[in-house]
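**Q** Here is how the chains run, residue by residue.
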Amino acid sequence: MSEHHDHDHEAPRRHRHPLQPDADDTLTYHRKLEIAVRELLIEKGIFTADDVRAAIEELDGRTPDRGSRVVARAWVDPEYKALLLKDARKACESLGFDMDLFDVTLTVVENTPKVHNVIVCTLCSCYPRMLLGLPPSWYKSRAYRSRMVKEPRVVLKEFGLELPEDVTVRVHDSTADLRYLVLPMRPEGTAGMSDRLVTRDSMIGVALAQRPR
Amino acid sequence: MKGYHDLGGESAGPIETKEKEPTLWEKRVEALLMLLTRRGVLKVDENRRALESLGADAYHNATYAERRVMAISNNLILKGVISVDELSARLAEIDRRADPLP
Numbered sequence: 001m002s003e004h005h006d007h008d009h010e011a012p013r014r015h016r017h018p019l020q021p022d023a024d025d026t027l028t029y030h031r032k033l034e035i036a037v038r039e040l041l042i043e044k045g046i047f048t049a050d051d052v053r054a055a056i057e058e059l060d061g062r063t064p065d066r067g068s069r070v071v072a073r074a075w076v077d078p079e080y081k082a083l084l085l086k087d088a089r090k091a092c093e094s095l096g097f098d099m100d101l102f103d104v105t106l107t108v109v110e111n112t113p114k115v116h117n118v119i120v121c122t123l124c125s126c127y128p129r130m131l132l133g134l135p136p137s138w139y140k141s142r143a144y145r146s147r148m149v150k151e152p153r154v155v156l157k158e159f160g161l162e163l164p165e166d167v168t169v170r171v172h173d174s175t176a177d178l179r180y181l182v183l184p185m186r187p188e189g190t191a192g193m194s195d196r197l198v199t200r201d202s203m204i205g206v207a208l209a210q211r212p213r
Numbered sequence: 001m002k003g004y005h006d007l008g009g010e011s012a013g014p015i016e017t018k019e020k021e022p023t024l025w026e027k028r029v030e031a032l033l034m035l036l037t038r039r040g041v042l043k044v045d046e047n048r049r050a051l052e053s054l055g056a057d058a059y060h061n062a063t064y065a066e067r068r069v070m071a072i073s074n075n076l077i078l079k080g081v082i083s084v085d086e087l088s089a090r091l092a093e094i095d096r097r098a099d100p101l102p
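Chains A and B, in that order, are what the protein sequence lines are.
Residues 1 to 213 (my numbering) make up the first sequence, in order.
Residues 1 to 102 (my numbering) make up the second sequence, in order.
Hints should not be assumed to be uniformly reliable.
Stated by the list, open to error - Below, computed lysine-lysine pairings styled on DSBU-like, alpha-carbon distance capped at 30 Å:
(1) K43(B) <-> K90(A)
(2) K114(A) <-> K140(A)
(3) K140(A) <-> K20(B)
(4) K90(A) <-> K27(B)
(5) K18(B) <-> K157(A)
Claimed, not checked - Selected chain A positions facing chain B (Cβ under 10 Å, derived; list incomplete):
(6) L106
(7) V109
(8) M185
Unchecked claim - To be clear about the criterion: a stretch of chain A counts as covered by chain B if any three or more of its residues have a C-beta under 8 Å from a C-beta of chain B, and this derived list gives those stretches:
(9) 50-61
(10) 77-89
(11) 110-117
(12) 123-134
(13) 137-144
Hint data in this document are derived by calculation from the structure and do not stem from the laboratory.
Treat the numbers as computed from the prediction; the structure is a model and nothing was measured.
Every residue, glycine too, gets a C-beta built ideally from N, C-alpha and C.
With these hints in hand, go ahead and build the complete structure from the sequences.
**A** Have a look at this one:
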């Protein structure tokens, strides 16, 4: 918006290039609102600019790797799996993951040869962030939120997943206070393989955990 | 009557499965929410209530991050953490900046 302005009257700046050159450079009303709110809160001492930076770093560090480790452990350790299905919070905390983000209940639902689980949030975009990080863009989309509870097989097909007719599909609608995570089935013949088999999408339920090709 | 945010079972077009990574400003919105929750300024249910009170028009014409930043600012005003005057003065001041993007 302003790259051709004369900046001689200003202090020199180190970064003249945008941090994210991909379309993050339009100053919309909502972006202004974020800047204004953030600046006011910093001035009021609610938090510092460095707290914001550290929070973004923390968000970036919270990836589906956490969920993968939980699932991979459940695959090899029946006792751990039993705890995970009974008290997921405790099972995750025992691997050292902080679950303090929100005071929410986490429920893990297990896929079997006869039951396939998938998660959605029709009311908002509630998601097991403590284990998977920020939700993917499609999870927040109107189409996914509207349709998953109505025609799950059609939606799953759009993700490339076709399930046999004799497999029951269970859709779990999350709320602010109750989040779900899918425990995918371990692909056959993968004993000794790492948690890389466990993808984010397999823990949402729009894909299966698969053997490496 | 169900709320405008309650989308379950509505008809909608195909799902755009191609992913868009969150931009820096979108992550900042998440960071604000996380910090305000941790500091005890906002509760998760207050955030939800604010999202459900934006009105159908604002809700459906905004992106996820846009909805969330509106909900945050509405809540902060409602709770007296910031005032409408302060906010509008700051927005006007940002407009006058030569290079307003942080």
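**Q** Against this structure, judge whether each hint is valid.
**A** Status of the hints after comparison with the structure:
| no. | hint | in the structure |
| --- | --- | --- |
| 1 | K43(B) <-> K90(A) | holds, 23 Å |
| 2 | K114(A) <-> K140(A) | holds, 28 Å |
| 3 | K140(A) <-> K20(B) | holds, 11 Å |
| 4 | K90(A) <-> K27(B) | holds, 28 Å |
| 5 | K18(B) <-> K157(A) | holds, 15 Å |
| 6 | L106 | violated, 14 Å |
| 7 | V109 | violated, 18 Å |
| 8 | M185 | violated, 22 Å |
| 9 | 50-61 | holds (count 7) |
| 10 | 77-89 | violated (count 0) |
| 11 | 110-117 | violated (count 0) |
| 12 | 123-134 | holds (count 4) |
| 13 | 137-144 | holds (count 7) |
Hints 6, 7, 8, 10 and 11, counting from the list given before, are not met by this structure.
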